[in-house]
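Asker: Produce the complete structure using the sequences and hints provided.
Chains as they are written, first to last, in the working numbering: chain S, 1 to 566; chain R, 1001 to 1566.
Hints were generated in silico from the structure; no laboratory data involved.
Careful: at least some of the hints might be erroneous.
Unchecked claim - Heads up, simulated DSS-like pairs for lysine-lysine below, C-alpha to C-alpha not over 30 angstroms straight-line:
id: 1; chain 1: S; residue 1: Lys-293; chain 2: R; residue 2: Lys-1378
id: 2; chain 1: S; residue 1: Lys-442; chain 2: R; residue 2: Lys-1536
id: 3; chain 1: S; residue 1: Lys-448; chain 2: S; residue 2: Lys-426
id: 4; chain 1: S; residue 1: Lys-490; chain 2: R; residue 2: Lys-1378
id: 5; chain 1: S; residue 1: Lys-536; chain 2: R; residue 2: Lys-1378
id: 6; chain 1: S; residue 1: Lys-490; chain 2: S; residue 2: Lys-448
id: 7; chain 1: S; residue 1: Lys-378; chain 2: S; residue 2: Lys-193
id: 8; chain 1: R; residue 1: Lys-1448; chain 2: S; residue 2: Lys-293
id: 9; chain 1: R; residue 1: Lys-1011; chain 2: R; residue 2: Lys-1293
id: 10; chain 1: R; residue 1: Lys-1293; chain 2: S; residue 2: Lys-426
id: 11; chain 1: S; residue 1: Lys-564; chain 2: R; residue 2: Lys-1293
id: 12; chain 1: R; residue 1: Lys-1448; chain 2: R; residue 2: Lys-1490
id: 13; chain 1: S; residue 1: Lys-536; chain 2: R; residue 2: Lys-1011
id: 14; chain 1: R; residue 1: Lys-1490; chain 2: S; residue 2: Lys-426
id: 15; chain 1: S; residue 1: Lys-293; chain 2: R; residue 2: Lys-1262
id: 16; chain 1: S; residue 1: Lys-442; chain 2: S; residue 2: Lys-262
id: 17; chain 1: R; residue 1: Lys-1490; chain 2: R; residue 2: Lys-1193
id: 18; chain 1: S; residue 1: Lys-293; chain 2: R; residue 2: Lys-1536
id: 19; chain 1: S; residue 1: Lys-442; chain 2: S; residue 2: Lys-293
id: 20; chain 1: S; residue 1: Lys-293; chain 2: R; residue 2: Lys-1193
id: 21; chain 1: R; residue 1: Lys-1536; chain 2: R; residue 2: Lys-1564
id: 22; chain 1: S; residue 1: Lys-536; chain 2: R; residue 2: Lys-1262
id: 23; chain 1: R; residue 1: Lys-1448; chain 2: S; residue 2: Lys-442
id: 24; chain 1: S; residue 1: Lys-448; chain 2: R; residue 2: Lys-1293
id: 25; chain 1: R; residue 1: Lys-1011; chain 2: S; residue 2: Lys-448
id: 26; chain 1: S; residue 1: Lys-11; chain 2: R; residue 2: Lys-1490
id: 27; chain 1: S; residue 1: Lys-193; chain 2: S; residue 2: Lys-490
id: 28; chain 1: S; residue 1: Lys-380; chain 2: R; residue 2: Lys-1490
id: 29; chain 1: R; residue 1: Lys-1380; chain 2: R; residue 2: Lys-1426
id: 30; chain 1: S; residue 1: Lys-536; chain 2: R; residue 2: Lys-1426
id: 31; chain 1: S; residue 1: Lys-426; chain 2: S; residue 2: Lys-536
id: 32; chain 1: S; residue 1: Lys-490; chain 2: R; residue 2: Lys-1293
id: 33; chain 1: R; residue 1: Lys-1380; chain 2: R; residue 2: Lys-1442
id: 34; chain 1: R; residue 1: Lys-1536; chain 2: S; residue 2: Lys-426
Number of protein chains: 2
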Amino acid sequence: MPFFPIVSWLKTYRRADLHGDVFAGLITAILLVPQGIAFALLAGLPAQFGLYASILPPLVYAVFGTSRTLSVGPVSVAAIMIASALQLPEVSALGNPLQSAVMLSAESGAILLAMALFQMGGLVNFISHPVLTGFTSGAALLIMGSQLPQVLGLKPPSCGLDAFCYLTYLDSTHLVTLALSVASLALLLFFGKPLSWLLQRLRFSPALINSITKCGPLMTVVVATLAVGHWQLGERHVAVVGEVVAGLPHLQLDFFDVDTWKILASPASFIALIAYVESVAIAKVVANLRGEKINPNQELIAIGLANFATAMSGGMPVAGGFSRTMVNFAAGARTQIAMVIAALLLAVAVMFFTAWFTNIPKSALAVIILVAVFPLVKFKNIAHTWHYDRGDGIAQIATLISVLVLGIEEGIMLGIFLTFASYLRKASHPHIAVVGRLPQTKHYRNIKRHQVQTWPHLLLLRIDENITFANMNFIEAFIDAQLQSAPEVKHVVLIFTSVSDIDTTALEALEQLNCRFQHSGMTLNFAEVKGFLLDKVQHSDLFAHLSGQLFFDTDEAVVSLTAKSK
Amino acid sequence: MPFFPIVSWLKTYRRADLHGDVFAGLITAILLVPQGIAFALLAGLPAQFGLYASILPPLVYAVFGTSRTLSVGPVSVAAIMIASALQLPEVSALGNPLQSAVMLSAESGAILLAMALFQMGGLVNFISHPVLTGFTSGAALLIMGSQLPQVLGLKPPSCGLDAFCYLTYLDSTHLVTLALSVASLALLLFFGKPLSWLLQRLRFSPALINSITKCGPLMTVVVATLAVGHWQLGERHVAVVGEVVAGLPHLQLDFFDVDTWKILASPASFIALIAYVESVAIAKVVANLRGEKINPNQELIAIGLANFATAMSGGMPVAGGFSRTMVNFAAGARTQIAMVIAALLLAVAVMFFTAWFTNIPKSALAVIILVAVFPLVKFKNIAHTWHYDRGDGIAQIATLISVLVLGIEEGIMLGIFLTFASYLRKASHPHIAVVGRLPQTKHYRNIKRHQVQTWPHLLLLRIDENITFANMNFIEAFIDAQLQSAPEVKHVVLIFTSVSDIDTTALEALEQLNCRFQHSGMTLNFAEVKGFLLDKVQHSDLFAHLSGQLFFDTDEAVVSLTAKSK
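Answerer: Here's what the structure looks like:
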């Protein structure tokens, strides 16, 4: 993998690609402005933190990233994680939340780069998809709850991320704000299917329909802002964004401080983890649609550097955003040129148009957030997981609930823990089949699923898992139960078609089992031991004192052992 | 399993068994007296804590235990764990180490009973044998180090379990004590092989030789005590046991206190865990020698109740002792009647002979401890594990070292952690074989190990592990690497002989892989999918949109796909 993936696609860049890229860049920029401001506010930060995060990071990702269409910038889930981190007592004790946010960006980036350096990218595999989906769904619900004050115009003293707390202030709903929210929501939803249907009837071209409907968030913000200006709603207590710092960010490296980094270590790790995992997951989805490939290790570097870049330009942590990436892809982006164009447009916006942002009502931004995160709540996926694999389903639902009830970091932790617990539970309850011969063949199959031939003196067991400390006791108990119900058995054959490893614990237990069999006048035999496993175990005590034999295949064992029993 | 396993063996008890039991009981009692006192001192407790622990607990175990020859009582490893627990700042802050020791017994017992109640016995499987051996070896070395002051007569202010600290006091070695230690060691060692060889030459019967040599610890103590009395060594600063409380213990239930139990929860859990795991391991070894069986769940109850019994009688935590059980077994114990007799003899000893214990020199007891724990340091086993399985070997050595350097609980924790880490590392690096056909057969084997036939358009992969979140990325990377080196491949066949499960994460990744193959004009096929796995996955999106086919066996896939490629 080259260190600068940009080179490989720039080499083959064709003029035809430029058309799609420019158009997609424009559409994505139109989405990025309201999202940038909204996610910054969601994180509890001034608007420019989101805008700055939309300029330098996408440029850096364009150079280092392996996805052609991933849209890197502020994302909702990272935003709520920042909000949660800034509310931690030890973090708020630092007294400078804006500086802490920048440090979170820098430290997240540093963590990802360190993981790349030490080749620890594999660690993130241990967040399973169900846990990730459960987490995202929970975070999305949390985000929706956190928008209640903005949507309803509530002014609760300090509820943090506790939606239930907000509900106790329902009687202080600000009706003007609520009206503005409802109108914004109606307009935003209208820009979806209804407008699309209308334009189709008016015989607009699909490309034009696509680009017009994508302007929903921007149009909603524009209309809501004009309404605020026209009716002077700012003076009627409708919360607005307020003054946004104008001009490009000043680059700085003022974010190295060992003590603060120690305090931020835990939230920064989780933000890094989620930013990376979500980015790669989204990147893979769009890459597969075009038969492209993502390099997970290079992504560590790319997302890590993008977060470093956001810190340098005073922005919030960044990741690949789901809805934005889909918009970018659907708008025809061929390469990261699209995101370069979007970033340049954002730069123009912060240089010349920040004055226009002052009157944007927070309620309209809240509505944009609600609509953006709604698809992240994946009840259908959760139901599907539940039916497919109960262990995964439990981990997923528990993660979702604990994100809501216990908190964001606790939710991830519990999810990872449950994934392992369910994995180990499965590993410690291996599938074992008692097998017999399919008549007139040399095939051996599960006696529960097939009509097979068996022999009273012979117990044939196919163990469908590696034999380790985690499952040896289960296997022993299974064998004992079988022997109890079939006391005439003289020879036990363990069929190792599915066994690729025997660890030290299991080897010792098999030695003890062999010893016990020998004492009761029985034999322990093995069949179909794979070559590399045989290399490992053949010099062990087990095989030196084996009561039975080692057979090449099951049929050979049956022929030999039935002859013996006669 | 009956709740009172004693009934099943009492029913068939024969008079012939009594001979062995009485003799073994006597021999074990002779060992129990010095061990009981020595292990109590090792734990930092008065002698009666070890003696009391040798009376009621074996009686309780005799009723509830499933091992016929396990000798339950004070053990060295639990003793050092108690010493370590009593030195914890939060525990010593309680101000009453003797009461804390009793509470540790009670809480350990309660923890084991709770595990039995909630059927959580399986949890202890997760201490692998290598980690257990590493831990025991480390603990034994720690114990040996802790005996330095007793052996050399040092009087350091407070070194805890830090052997290096003791070494700085070497210049204060008390020469009389050292002389006594050396003499005791010589006598104790003489009772081993030298005496045995001598008695053989004198034509003693093997049974008599066996019983005489087992008296080594007692004779050493007797001789050393007589020496102390004769030369008035107590007045010459040789440390002695001092007055031992006479009489049977008063039974009491004065050990329920929620706050103290909370403080002791962590050390009590570790003591319970190790007491149980060690007991079952030893019980299994001796059971296998006679073709008997241990029931792990019933052992939770038996060891749990034995610890409750030791708490009621004011003793230290108990477990099955390795050396004592071997002595009991070798002396001819047939059933727990042997331990009942030993316990009754101990009761007689504390009733009438405690005055004899006052002058026992601590140095002689230290020598007995040294000799008793020496066989627990298993360097040979460690070397063996290292060669058999590198991951297990690393976990074992790291556990040993961290017990010495970091502490006892930290050592167990690290060992368990490393076992999991190495397990997951293995699980995330599954064995995958590229296979081909053995000429003139329908057998498919690893191309690296056999001369096989292959086809340029076909990639046959046998995945030797369940496909899960832990290894899906590795499998994907493997497939990609294969395809990169063989660009003419059109059909990939995954052979599932060893695959018993596909989790949600892996299923989604396979769906994405299938999608990517479809896009590149390739097909993804499966062969030899087990019945129960097929039941699980056949309604998934993967099989609904499969680019290739599902084949019953590998040969069928090869025949069909080679025909297609023509």
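Asker: Against each hint, give a clear statement of whether it holds in the structure.
Answerer: Hint check results:
For the hint pairing Lys-293 (chain S) with Lys-1378 (chain R), the CA-to-CA distance comes to about 50 angstroms; that exceeds 30 angstroms, so the pair is violated. For the proposed pair Lys-442 (chain S) and Lys-1536 (chain R), the alpha carbon gap of about 27 angstroms is at most 30 angstroms, so the pair holds. For the suggested pair Lys-448 (chain S) and Lys-426 (chain S), the alpha carbons sit about 21 angstroms apart, so the restraint of at most 30 angstroms is met. Between Lys-490 (chain S) and Lys-1378 (chain R), the direct Cα distance comes to roughly 35 angstroms. Violation of the 30 angstroms bound is thereby established for this hinted pair.
For the proposed pair Lys-536 (chain S) and Lys-1378 (chain R), the alpha carbon gap of about 22 angstroms is at most 30 angstroms, so the pair holds. Distance check on the hinted pair: Lys-490 (chain S) and Lys-448 (chain S) sit about 22 angstroms apart at the alpha-carbon level, within 30 angstroms; holds. Proposed proximity of Lys-378 (chain S) and Lys-193 (chain S) is supported: the alpha carbons are some 20 angstroms apart, at most 30 angstroms. Note on Lys-1448 (chain R) and Lys-293 (chain S): the hinted pairing holds, with a Cα-Cα distance of about 28 angstroms set against a maximum of 30 angstroms.
A distance of roughly 17 angstroms separates the Cα atoms of Lys-1011 (chain R) and Lys-1293 (chain R); the hinted pair therefore holds under the 30 angstroms criterion. With a C-alpha separation of about 26 angstroms, the suggested pair Lys-1293 (chain R) and Lys-426 (chain S) falls inside the 30 angstroms cut-off, and the hint holds. Among the hinted pairs, Lys-564 (chain S) with Lys-1293 (chain R) is consistent with the structure: their alpha-carbon atoms are about 27 angstroms apart, no more than 30 angstroms. Distance check on the hinted pair: Lys-1448 (chain R) and Lys-1490 (chain R) sit about 22 angstroms apart at the alpha-carbon level, within 30 angstroms; holds.
Taken as a hint, the Lys-536 (chain S) and Lys-1011 (chain R) pair is broken in the structure, with Cα atoms around 46 angstroms apart against an allowance of 30 angstroms. Restraint check: the Cα-Cα separation between Lys-1490 (chain R) and Lys-426 (chain S) comes to about 35 angstroms, which exceeds 30 angstroms; the hinted pair is violated. Under the criterion of a C-alpha separation no larger than 30 angstroms, the hint pairing Lys-293 (chain S) with Lys-1262 (chain R) is inconsistent with the structure, at around 53 angstroms. At most 30 angstroms may separate the alpha-carbon atoms for a hinted pair to count; Lys-442 (chain S) and Lys-262 (chain S) exceed this at roughly 64 angstroms.
With a CA separation close to 72 angstroms, the supplied pair Lys-1490 (chain R) and Lys-1193 (chain R) exceeds the 30 angstroms bound. Taking the CA atoms of Lys-293 (chain S) and Lys-1536 (chain R), the gap is about 29 angstroms. The hint holds against a cut of 30 angstroms. The hinted pair formed by Lys-442 (chain S) and Lys-293 (chain S) fails the criterion: a straight-line CA distance of about 43 angstroms is larger than 30 angstroms. Simply put, Lys-293 (chain S) and Lys-1193 (chain R) have alpha-carbon atoms about 70 angstroms apart, too far for the 30 angstroms limit, and the pair is violated.
Under the criterion of a C-alpha separation no larger than 30 angstroms, the hint pairing Lys-1536 (chain R) with Lys-1564 (chain R) is consistent with the structure, at around 29 angstroms. Among the hinted pairs, Lys-536 (chain S) with Lys-1262 (chain R) is inconsistent with the structure: their alpha-carbon atoms are about 46 angstroms apart, more than 30 angstroms. Between Lys-1448 (chain R) and Lys-442 (chain S) the CA atoms are separated by roughly 26 angstroms; this keeps the pair inside 30 angstroms, and the hint holds. For the hint pairing Lys-448 (chain S) with Lys-1293 (chain R), the CA-to-CA distance comes to about 28 angstroms; that is within 30 angstroms, so the pair holds.
Proximity of Lys-1011 (chain R) to Lys-448 (chain S) is assessed by CA-CA distance (about 39 angstroms); at most 30 angstroms being required, the pair is judged violated. Under the criterion of a C-alpha separation no larger than 30 angstroms, the hint pairing Lys-11 (chain S) with Lys-1490 (chain R) is consistent with the structure, at around 28 angstroms. For the hint linking Lys-193 (chain S) to Lys-490 (chain S), the alpha-carbon distance of about 72 angstroms lies beyond 30 angstroms, and the restraint is violated. Note on Lys-380 (chain S) and Lys-1490 (chain R): the hinted pairing is violated, with a Cα-Cα distance of about 34 angstroms set against a maximum of 30 angstroms.
For the suggested pair Lys-1380 (chain R) and Lys-1426 (chain R), the alpha carbons sit about 25 angstroms apart, so the restraint of at most 30 angstroms is met. At most 30 angstroms may separate the alpha-carbon atoms for a hinted pair to count; Lys-536 (chain S) and Lys-1426 (chain R) meet this at roughly 15 angstroms. A C-alpha spacing of about 25 angstroms is found between Lys-426 (chain S) and Lys-536 (chain S), which places the hinted pair at or below 30 angstroms, so the restraint holds. Taking the CA atoms of Lys-490 (chain S) and Lys-1293 (chain R), the gap is near 18 angstroms; set against the 30 angstroms cutoff, the hint holds.
The straight-line distance between the Cα atoms of Lys-1380 (chain R) and Lys-1442 (chain R) is roughly 45 angstroms, outside the 30 angstroms bound, and the hint therefore fails. Restraint check: the Cα-Cα separation between Lys-1536 (chain R) and Lys-426 (chain S) comes to about 15 angstroms, which is no more than 30 angstroms; the hinted pair holds.
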